[in-house]
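*Asks:* Fit chain D to the known structure of chain U by using the hints.
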Amino acid sequence: MRPSQIVLLVLLALFAIYIFRLRSTSGDRVTYLGLAAIGVALILNPEFTNRVAARLGVGRGADLMFYFFIIFALFHFATTAATIRRMQRDLTRLAQALALATPRTPSPKNG
Amino acid sequence: MASSVNPADQLVRRATWIVIAAYQEARTIGTVVARLVDDHWHVVVVDDGSEDDTAACALAAGAWVLRHAVNVGQGAALATGFVYASRDPAMRFVVTFDADGQHDPSAVPRLIAPLASDTADVTLGSRFLEPDGLGSIPASRKVLLRLATRLARWTTGLKLTDTHNGMRGFRCDVLSRLVLQQDRMAHASEIQAEVARLRLRYQEVPVRVSYTPYSLSKGQGLIDAVSVLWDLLIAKTR
Chain U
1 MRPSQIVLLV LLALFAIYIF RLRSTSGDRV TYLGLAAIGV ALILNPEFTN
51 RVAARLGVGR GADLMFYFFI IFALFHFATT AATIRRMQRD LTRLAQALAL
101 ATPRTPSPKN G
Chain D
1 MASSVNPADQ LVRRATWIVI AAYQEARTIG TVVARLVDDH WHVVVVDDGS
51 EDDTAACALA AGAWVLRHAV NVGQGAALAT GFVYASRDPA MRFVVTFDAD
101 GQHDPSAVPR LIAPLASDTA DVTLGSRFLE PDGLGSIPAS RKVLLRLATR
151 LARWTTGLKL TDTHNGMRGF RCDVLSRLVL QQDRMAHASE IQAEVARLRL
201 RYQEVPVRVS YTPYSLSKGQ GLIDAVSVLW DLLIAKTR
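Top to bottom, those sequences are chains U and D. Using the working numbering, the first residue of the first sequence is number 1, and each one after it goes up by one. Using the working numbering, the first residue of the second sequence is number 1, and each one after it goes up by one.
If we strip away everything but chain D, and leave its shape as in the complex, we get:
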């Protein structure tokens, strides 16, 4: 059943869109959306050409649903969600969220707070700031994330502790200035590059990530890391 929300929080919820990019997530998307909708958030799910019931599950759980006719990549799906959210004149904040159930809805207000108080243009979730956020991350994934973080710090100059976290918050006025061209997974690095290029005010927010065998199987491995590097190199040389 829906929980009650005080008037101030209600205003924030009216001004916020949660954007979820989902590909073949029928198993988890319903629960993920339902938990957010129960908490009175507006959720738009961009189904990136799934062949399962991702779109139907998201719709049944109370999300707005946009559907890519073919699979074109998570970066493109998030961009589609951003455009849709921007059509709402009341929109002031956008938060991105993962579809696989590893993110905690209770972290959403913490991502919005620095945006609402105008102390940041962009907020980025970090697993490494949460005291027990590290506990459940497998060692191999930890090493990969540390390397990715090193690389991002080196290329963008941003002082981040976690560079590949799907939970991010954006103020509406910066959304239209972001130029996102990476259709696939390299968009995470691209967002950081844009934050650096546009000199946006950014702030990291501790978030918990619960790893399940399912979310791990959907996550990024070493092979993906290599292909992300490739995408970025191609973009640099274009």
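Okay, chain U solo, but in the shape it has when bound:
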């Protein structure tokens, strides 16, 4: 096993542990563990990505991984942005409900 493979495997293991603790829904856990398992397989068999890339007409396996990474990053960006918007809207509703539940009225001389 090459040193680079050991480093990548260790990083992937740490990522898997992190996901397992952070993500509570079992669906998320299965998805991410599945991705991690694919990662392990690809790290141990670097030639595999080269073969797939050649079939898809992409050239090198590293290029294929890079394209996958870009697609994944864009997808992640879009879902994160949507989540932030939803949270912002919820925060607004919460601030409004709280404000309306606790109005402060001026002293009687003005009423």
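Honestly, the hints are just simulated from the structure, not real lab data. No residue lacks a Cβ here, since even glycine has one placed at the ideal position from N, Cα and C. Possibly wrong hints are sitting among the right ones.
If the Cβ cut is set under 8 Å, some of the chain U residues that face chain D in the computed set are [to be verified]: (1) 2; (2) 3; (3) 91; (4) 92; (5) 96; (6) 103; (7) 105.
*Replies:* Chain D alone, transformed into the frame defined by chain U:
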């Protein structure tokens, strides 16, 4: 000292809520509220999560005060004020007013008159209808406002001369029909879009705006204009 008001005007005042959205306006909000309260208006200030004494100053000056725990935007603050005003069964009109002291309280009755006579559902203040309303506006701001007006005319089809004026009047029956989702500054354009969508009767009313270095620093610049456009584009594509 409070000035005297004739009985007819008193009725209008009982039926009107002035809604002010305020964020970090402790310097001016007290004076703004006091001038309106002295004129016998009911004022509700929505403090949009200020970290200064905005809420305390507004309360001391005689306003009803609602406080957003965090800053969520002027559009949301106005919406909160509208909901609060709607709880008053006597409410027939709502007027929005700026917190920075650039609006003149004497314009409030002019905004209500077309609503009270049932010739308009919504009244919109315009700086460009007032003969000397333009005089004090800096040239750069004038250009920005003209561009915003062009854009609003093009997108909504409303024939307006001033599209980003904080002084507006609403009849109570249209308030509940307005769907305002823009939390931040794009609400100005959104209100116009709603007026167009609901085919509300609207009328522009000349108002004077006095620009001070303070109000200019709080006003909307070019960067804000870009972010408003962005908000609206996002909303269109959602």
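*Asks:* Any hints from earlier that this structure breaks? Give me their numbers in increasing order, please.
*Replies:* Failing hints, ascending: 1 and 2.
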